[in-house]
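Based on the hints, put chain B in the right spot on chain A.
Top to bottom, those sequences are chains A and B.
For the record, in the first sequence the residue sitting at position 229 is 229 according to the numbering used here, with numbers rising by one throughout.
For the record, in the second sequence the residue sitting at position 9 is 9 according to the numbering used here, with numbers rising by one throughout.
Errors might be hidden in some of the hints.
[Unchecked claim] With a straight-line Cα cutoff of 25 Å, these simulated BS3-like cross-link-like pairs (lysine-lysine) come out:
| no. | chain 1 | residue 1 | chain 2 | residue 2 |
| --- | --- | --- | --- | --- |
| 1 | A | 748 | A | 380 |
| 2 | A | 296 | A | 748 |
| 3 | A | 609 | A | 92 |
| 4 | B | 11 | A | 27 |
| 5 | A | 508 | B | 88 |
| 6 | A | 506 | A | 27 |
| 7 | A | 27 | B | 147 |
| 8 | A | 506 | A | 544 |
| 9 | A | 428 | A | 748 |
| 10 | A | 599 | A | 92 |
| 11 | A | 428 | A | 380 |
| 12 | A | 693 | B | 147 |
| 13 | B | 88 | A | 506 |
| 14 | B | 147 | B | 88 |
| 15 | A | 262 | A | 128 |
| 16 | A | 27 | B | 88 |
| 17 | A | 70 | A | 262 |
Think of the hints as simulated: they come from the structure by calculation, not from any bench.
Spelled out, the chains give:
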Amino acid sequence: MDLADIISGDQRLAVVRQPIAHDSAVKHVTGQAAYIDDMREPTGTLHLAPGYAPIAAGRVTALDLEPILKAPGVVAVLTAEDIPGHNDISPKEVGDDPAITPERVNFYGQVLFCVIAETRMEARRAVKLARIATAPSMPVIDVDDALVANTTVLPEYAFVRGDPIVEIPQAPREITGEFRIGGQEHFYLEGQIALAIPGEDGDMYVHSSTQHPTEVQHVVAHALAVHDNAVTVEIRRMGGGFGGKESQATQWAVLAALAARKTGRPCKLRLDRDDDMIMTGKRHDFRVDYNVGIGKDGVIRALDVTLAARCGHSEDLSLGVIDRTMFHADNSYFYPTCRILTRRMRTNTVSNTAFRGFGGPQGMLFAERMMDHIAYVTGKDPLEVRKANFYSGSGRDRTPYGMRVEDNILHELVGELERTSEYWDRRKALAEFNAASPVLKKGLALTPVKFGISFTLIQLNQAGALVHLYRDGSISLNHGGTEMGQGLFIKVAQVVAEEFGVGIDKVKITATSTALVPNTSPTAASSGTDLNAQAALVACRQIKERLFDFIQETWNVGRDRVQFRDDRVIVGNREMKLGELATAAYEARVQLSAAGYYKTPKITWDRAKANGRPFYYFAYGAACSEVTVDTMTGEMRVDRVDIRHDVGKSLNPAIDIGQIEGGFVQGMGWLTGEELVWDSAGRLRTHAPSTYKIPTASDVPADFRVALHESGGNREDSIYRSKAVGEPPLMLAISVFSAITDAIASLKPAVMPRLDAPATPEAIMRAIRATTGGDM
Amino acid sequence: MAEVKLTVNGKRVTRHVPDETLLVEFLREELRLTGTHVGCDTSQCGACTVHVDGMAVKSCTMLAASASGSEVTTIEGLANGGLHPMQKAFNDNHGLQCGFCTPGMIMTAVDMVRRYKASGERLDEEAIRHELEGNICRCTGYHNIVKSIQQAAGEM
Numbered sequence: 001m002d003l004a005d006i007i008s009g010d011q012r013l014a015v016v017r018q019p020i021a022h023d024s025a026v027k028h029v030t031g032q033a034a035y036i037d038d039m040r041e042p043t044g045t046l047h048l049a050p051g052y053a054p055i056a057a058g059r060v061t062a063l064d065l066e067p068i069l070k071a072p073g074v075v076a077v078l079t080a081e082d083i084p085g086h087n088d089i090s091p092k093e094v095g096d097d098p099a100i101t102p103e104r105v106n107f108y109g110q111v112l113f114c115v116i117a118e119t120r121m122e123a124r125r126a127v128k129l130a131r132i133a134t135a136p137s138m139p140v141i142d143v144d145d146a147l148v149a150n151t152t153v154l155p156e157y158a159f160v161r162g163d164p165i166v167e168i169p170q171a172p173r174e175i176t177g178e179f180r181i182g183g184q185e186h187f188y189l190e191g192q193i194a195l196a197i198p199g200e201d202g203d204m205y206v207h208s209s210t211q212h213p214t215e216v217q218h219v220v221a222h223a224l225a226v227h228d229n230a231v232t233v234e235i236r237r238m239g240g241g242f243g244g245k246e247s248q249a250t251q252w253a254v255l256a257a258l259a260a261r262k263t264g265r266p267c268k269l270r271l272d273r274d275d276d277m278i279m280t281g282k283r284h285d286f287r288v289d290y291n292v293g294i295g296k297d298g299v300i301r302a303l304d305v306t307l308a309a310r311c312g313h314s315e316d317l318s319l320g321v322i323d324r325t326m327f328h329a330d331n332s333y334f335y336p337t338c339r340i341l342t343r344r345m346r347t348n349t350v351s352n353t354a355f356r357g358f359g360g361p362q363g364m365l366f367a368e369r370m371m372d373h374i375a376y377v378t379g380k381d382p383l384e385v386r387k388a389n390f391y392s393g394s395g396r397d398r399t400p401y402g403m404r405v406e407d408n409i410l411h412e413l414v415g416e417l418e419r420t421s422e423y424w425d426r427r428k429a430l431a432e433f434n435a436a437s438p439v440l441k442k443g444l445a446l447t448p449v450k451f452g453i454s455f456t457l458i459q460l461n462q463a464g465a466l467v468h469l470y471r472d473g474s475i476s477l478n479h480g481g482t483e484m485g486q487g488l489f490i491k492v493a494q495v496v497a498e499e500f501g502v503g504i505d506k507v508k509i510t511a512t513s514t515a516l517v518p519n520t521s522p523t524a525a526s527s528g529t530d531l532n533a534q535a536a537l538v539a540c541r542q543i544k545e546r547l548f549d550f551i552q553e554t555w556n557v558g559r560d561r562v563q564f565r566d567d568r569v570i571v572g573n574r575e576m577k578l579g580e581l582a583t584a585a586y587e588a589r590v591q592l593s594a595a596g597y598y599k600t601p602k603i604t605w606d607r608a609k610a611n612g613r614p615f616y617y618f619a620y621g622a623a624c625s626e627v628t629v630d631t632m633t634g635e636m637r638v639d640r641v642d643i644r645h646d647v648g649k650s651l652n653p654a655i656d657i658g659q660i661e662g663g664f665v666q667g668m669g670w671l672t673g674e675e676l677v678w679d680s681a682g683r684l685r686t687h688a689p690s691t692y693k694i695p696t697a698s699d700v701p702a703d704f705r706v707a708l709h710e711s712g713g714n715r716e717d718s719i720y721r722s723k724a725v726g727e728p729p730l731m732l733a734i735s736v737f738s739a740i741t742d743a744i745a746s747l748k749p750a751v752m753p754r755l756d757a758p759a760t761p762e763a764i765m766r767a768i769r770a771t772t773g774g775d776m
Numbered sequence: 001m002a003e004v005k006l007t008v009n010g011k012r013v014t015r016h017v018p019d020e021t022l023l024v025e026f027l028r029e030e031l032r033l034t035g036t037h038v039g040c041d042t043s044q045c046g047a048c049t050v051h052v053d054g055m056a057v058k059s060c061t062m063l064a065a066s067a068s069g070s071e072v073t074t075i076e077g078l079a080n081g082g083l084h085p086m087q088k089a090f091n092d093n094h095g096l097q098c099g100f101c102t103p104g105m106i107m108t109a110v111d112m113v114r115r116y117k118a119s120g121e122r123l124d125e126e127a128i129r130h131e132l133e134g135n136i137c138r139c140t141g142y143h144n145i146v147k148s149i150q151q152a153a154g155e156m
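Next up, chain A with everything else stripped away, as it sits in the complex (with noise of 0.2 Å):
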């Protein structure tokens, strides 16, 4: 289809492009949207919590449980021995992260058994009362320790091109930095929960609050020793994923599965947020040391990068998330000759995970803070660094990877924000304000985003669906997709009724389930409209196409003569209800259901070769923030934020600005003010949100302008010619971090602030006093 085409053809859309609300929106307003804990319990269902290990590193030498059978209310108690399958609850069933550990402790936060009882407060009461004797041993907490001690959880990986070792010292200028990038907790408002309900024939239905319903079939029935198809999983909505539900809800419903075969009664299990913050991973935290070559320019020869990452005790995701790290740590720039190095360090902490971004934040934030330091040790504006260093035409339009960058809208869309943030004269003001003001300083940054949209394993970029057409003319929708807030649900119904020609409330749309479509892919690399919206559209195009030829039996009407629109069917000259057209089909013995499949085209990736062309397309975006910084506290306040950002043409504009402005929110949050913070014992000191500062409403700069970039769509047949959303926005809060340097920077010329993430207000006065020298 020409864009042109598209464009013309949206006059004809009627539900598609409308900014609809929230499919839950009016019971999420009247409390009537039930998560899992507010399901009505089946009779008889028990509790469950927990009992973790007291050590980050050692084994356990002794395990007392009596004290807690004896405790009121308590039914049993699981252990290891009590799994009749395999104890392991790892993504990709490596064997390295046991449901229950038998002996062995990796991290501070195992669980070690789970107390089954008549209520939760009992079950959570007895869990205090188990006598644990440990031998500890000295445990690995951070990256530098596991640097030091060498270990970790896969081997290091890297694209190459070129010899930067050579290449580096023959540029005109050399730089060498190194800074640290923090992790993040997920914060789901909905905490991890898990209802099982035994069924007959050894079957298990599991209500999992999960981003991945599949994967929690898999190892549910591995760990029961069942086939998969004895198993159930399903989700109606979640309180919230972030990628914290992706490999990490499986657990819980393990656990849940485990104790109701144990007892034949329904189990939940529901995590206390502070045991959820302790015993769940997060977003990866790094090291990042680079060298890098320069023109007087200011544009990259030549780049070495390493960037070590805290994996945690075990596997899980940690080879994607990596991945993608070094999939993004060119953001937008080309480098003619690079190596992009990552370690992927085991420590003995919590599992670090999928967090929305998926690593890419990680690659993205080394990217914007090289162009930082050049520009500063340059004397230049880091804009014009930024822009100097973009991908562009021929012989700058590869990736490390060796993918082209064929559809960059780089140079225009931030051309654009450039002219409607009016950088330039805001420039001009900031230097005046911090000429004059001894203490505030302020500082500006534009960044720009480039994210690469597909999942980077090729065989989950697949998704099916189910839809039926009633005899009344009303739909069911199902599809492998999970809604956890984002609007997956309501962007893959409006292109259903579009296609029907109906309105909204036509679409029925029904819980994630296992039994309705199989072998789902998480959802997750913002992927869950790509390919769930294609799968749906597949199945409707399968039933109208039956309907078609129906009619072409029934009225001798070809298809270019019918249209479904305004709740009608056109038929020629003939009008009639969608339900009437359903009923006369019906009558006929037409088959009104359909399962549809989609598979994302054109995507190769060779990891072994490290080249292919792992992305779809590319989703772009940039971010202008203004910040002031109190030089005497380190105290921080985001003055404006100007967004412009790629949806391509968008199916939802207001589920999709919401996503932008959330995920700005929620990346400000990781490079601002949310801390983590583990002791030497390897104990998360910060496992709430009295000590882990979650952005609350004021810190959002109240000036916040957000625009989509009206481009011409998606260059590729995606649907309707949108654009994923889920995480490229959350890298627009770069622009922060990088106005926080900014604003220090102005201390001193030709100085590099030493600026880790997050930035809060220690971290800022020790940038500070490192770029002063103790001068202030």
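Quick look at chain B alone, frame taken from chain A:
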């Protein structure tokens, strides 16, 4: 065991519950009013906010027994059929995503608007943002929540 007598959403209820029963447990488990959510268990996130005698209270930190004798309003009882202006505003302005924080957010917002109206103080955007410090939303970035409250404040 404590005898707890409450008027919840206009209906009188009496239950005998363990002394340590939290108000949120009483509402969710005894009365099946599950619109009031538990987010953080420690009165930080505000998802459990309800009104006790007209004031916003985090029901995960109050004992049901301490509330005995009070009038409690939950998200389910905010409107008499239809939507309260605050509920409508959150719907109109896309002031929600995953929806888990929404009931608590709305209960806080209603209390906020009423207090400011009663005192005659101006509820400007800065005041709204300050007042929302006890309610965490992890999805929206708050922008549409603030807009929702501004709209409803003009209609309440």
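Verify the proposed pairing of residue 599 of chain A with residue 92 of chain A, using a straight-line Cα cut of 25 Å.
22 Å, holds
Straight-line alpha-carbon gap residue 693 of chain A to residue 147 of chain B, limit 25 Å:
The given pair, whose Cα atoms are some 23 Å apart, holds under the 25 Å limit.
Take the C-alpha atoms of residue 70 of chain A and residue 262 of chain A, compute the straight-line distance between them, and say whether it is at most 25 Å.
Distance ~18 Å between residue 70 of chain A and residue 262 of chain A Cα, so the pair holds.
Are the Cα atoms of residue 296 of chain A and residue 748 of chain A separated by 25 Å or less?
21 Å, holds
Holds or violated: residue 428 of chain A with residue 380 of chain A, Cα cutoff 25 Å?
Holds - the C-alpha atoms of residue 380 of chain A and residue 428 of chain A are around 14 Å apart, at most 25 Å.
Starting from residue 147 of chain B, check that the Cα of residue 88 of chain B is at most 25 Å away, please.
Status holds; Cα separation ~12 Å.
Assess, step by step, whether the Cα of residue 506 of chain A is no farther than 25 Å from the Cα of residue 27 of chain A, and give holds or violated.
17 Å, holds
So if I understand the rule, the pair passes when the alpha-carbon distance is 25 Å or less; does residue 428 of chain A with residue 748 of chain A pass?
Roughly 17 Å between the alpha carbons, so the hint for residue 428 of chain A and residue 748 of chain A holds.
With the threshold set at 25 Å, check whether the alpha-carbon distance from residue 506 of chain A to residue 544 of chain A stays at or below it.
16 Å, holds
Decide if the proposed pair is consistent with the structure: residue 609 of chain A and residue 92 of chain A, CA atoms, cutoff 25 Å inclusive.
22 Å, holds
Please work out if residue 748 of chain A and residue 380 of chain A have their alpha carbons no farther apart than 25 Å.
OK: residue 748 of chain A and residue 380 of chain A at ~14 Å, within 25 Å.
Residue 27 of chain A and residue 88 of chain B: Cα distance at most 25 Å?
11 Å, holds
Going through the hint list in order, the structure satisfies each hint without exception.
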